[in-house]
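Asker: Here the protein sequences come in this chain order: Z and P.
Residue numbering for the first sequence follows this note's numbering, starting at 87 and increasing by one per position.
Residue numbering for the second sequence follows this note's numbering, starting at 87 and increasing by one per position.
Treat the hints loosely; a few may be bogus.
Because identical chains cannot be distinguished in the list, a pair is counted as satisfied if it fits within a single copy or across any two copies.
Claimed, not checked - Dumping the calculated BS3-like pairs for lysine-lysine here, alpha-carbon to alpha-carbon at most 27 Å: (1) Lys101 to Lys144; (2) Lys101 to Lys161; (3) Lys161 to Lys90; (4) Lys108 to Lys182.
No lab work stands behind these hints, which were simulated from the structure alone.
2 protein chains.
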Amino acid sequence: MFPKCINDLIDSFKKFPGVGQKSAERMAFSLLYDFDDDDIEAFNNSISSVKNDIKECKICNCITDQELCFVCSDKGRNKDELIVVENAKDVFLLEKIGSFTGYYHVLGGLISPFDDIGPNDIDLKGLFERVKRDNVKEIIFVTKSGIEADTTILYIKKSLDDSDIVISRIANGIPIGADMDYIDSLTLESAFKNRKEVLD
Amino acid sequence: MFPKCINDLIDSFKKFPGVGQKSAERMAFSLLYDFDDDDIEAFNNSISSVKNDIKECKICNCITDQELCFVCSDKGRNKDELIVVENAKDVFLLEKIGSFTGYYHVLGGLISPFDDIGPNDIDLKGLFERVKRDNVKEIIFVTKSGIEADTTILYIKKSLDDSDIVISRIANGIPIGADMDYIDSLTLESAFKNRKEVLD
Numbered sequence: 087m088f089p090k091c092i093n094d095l096i097d098s099f100k101k102f103p104g105v106g107q108k109s110a111e112r113m114a115f116s117l118l119y120d121f122d123d124d125d126i127e128a129f130n131n132s133i134s135s136v137k138n139d140i141k142e143c144k145i146c147n148c149i150t151d152q153e154l155c156f157v158c159s160d161k162g163r164n165k166d167e168l169i170v171v172e173n174a175k176d177v178f179l180l181e182k183i184g185s186f187t188g189y190y191h192v193l194g195g196l197i198s199p200f201d202d203i204g205p206n207d208i209d210l211k212g213l214f215e216r217v218k219r220d221n222v223k224e225i226i227f228v229t230k231s232g233i234e235a236d237t238t239i240l241y242i243k244k245s246l247d248d249s250d251i252v253i254s255r256i257a258n259g260i261p262i263g264a265d266m267d268y269i270d271s272l273t274l275e276s277a278f279k280n281r282k283e284v285l286d
Numbered sequence: 087m088f089p090k091c092i093n094d095l096i097d098s099f100k101k102f103p104g105v106g107q108k109s110a111e112r113m114a115f116s117l118l119y120d121f122d123d124d125d126i127e128a129f130n131n132s133i134s135s136v137k138n139d140i141k142e143c144k145i146c147n148c149i150t151d152q153e154l155c156f157v158c159s160d161k162g163r164n165k166d167e168l169i170v171v172e173n174a175k176d177v178f179l180l181e182k183i184g185s186f187t188g189y190y191h192v193l194g195g196l197i198s199p200f201d202d203i204g205p206n207d208i209d210l211k212g213l214f215e216r217v218k219r220d221n222v223k224e225i226i227f228v229t230k231s232g233i234e235a236d237t238t239i240l241y242i243k244k245s246l247d248d249s250d251i252v253i254s255r256i257a258n259g260i261p262i263g264a265d266m267d268y269i270d271s272l273t274l275e276s277a278f279k280n281r282k283e284v285l286d
């Protein structure tokens, strides 16, 4: 029904998360009607550049178009604290909060025996080297919950057992503003276990 | 915070309808992680082709990459009925239903004195020529409701006053499955006015 290039464009848009047939069609028509030649050129250029210019930061594996990412190139941050995340996008999520002043390390995955991802398939080597070199005092593990996260954090803990480094993990619990009706029982159980005494 | 090309890409994605900062960021990261080189090339090519290859059908103004669109090039349809729409995308919306066997005419807009769009700014000339040439029996006006649609349909009706062509318009009413609580009063009024006798 659609001309071939519109069909192709719809297929491309459908590859994005949360974009179904209807949204993809709307986006294709929006490109046709709302984008002028400059917009199209800018769009095409940024798509190409993302693939050509983006590389991993030599220190933390976060994405960057320079040698070092925007965090690692900031020498004024606190080397004592290191947040460990699964993916580069988590770094941006955390930087938006703006309260963390330490550095990050992007593992590029989590240990998952089911998916054949072992300790050598993610950047644990780089993590351990940094921890030693920079004399890191605390590793804060920030990932989604699950068996893979549990395994990875356990592996890190065992590997650093003979150091006096503190390894912590963000809390599971009830999202602020969330209705109790919508909290799953695993989260509720974890939130209950991690209850905090109310002090005056 | 983001590398420049990621920022540019986010800005491009935000131009699409219903895509805010968060969705745009998610799409940019998806492009980075989920698209391989072939996907990127296909995406870039389809974006360029949409702007370069898509033109208006010589008969009905619908979009096509050929001389004639997929409807006008189908000679087996019923020339008696002509659906008039505002935009090309409406044609695809209607063709998905699949029950209409006539042809379409895309006006490319509606008469709107407030926006300085007069009868000569939309393709009424082409419509009147087709109606005469093809001896059209019924024009079915399918657009969103509003003063612009009212004005345009009135203009078409006056212009074809001396012919015996039937001019109809799709019904306003309650969407099937919609909750009465969410129907606005104008729609409800129109649905009430257009009530139909229940026959056995």
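Asker: Now tell me, hint by hint, if it's right for this structure.
Answerer: Verification of the hints:
1. In this assembly of identical chains, the alpha carbons of Lys101 and Lys144 never lie at most 27 Å apart, being 30 Å within a copy and 33 Å across copies at closest.
2. In this assembly of identical chains, the alpha carbons of Lys101 and Lys161 never lie at most 27 Å apart, being 38 Å within a copy and 36 Å across copies at closest.
3. Proximity of Lys161 and Lys90 under a CA criterion of 27 Å is satisfied inter-copy only: 21 Å between copies versus 51 Å inside one chain copy.
4. For a Cα distance limit of 27 Å, the shortest separation of Lys108 from Lys182 across copies, 12 Å, qualifies, whereas the shortest one inside one copy, 31 Å, does not.
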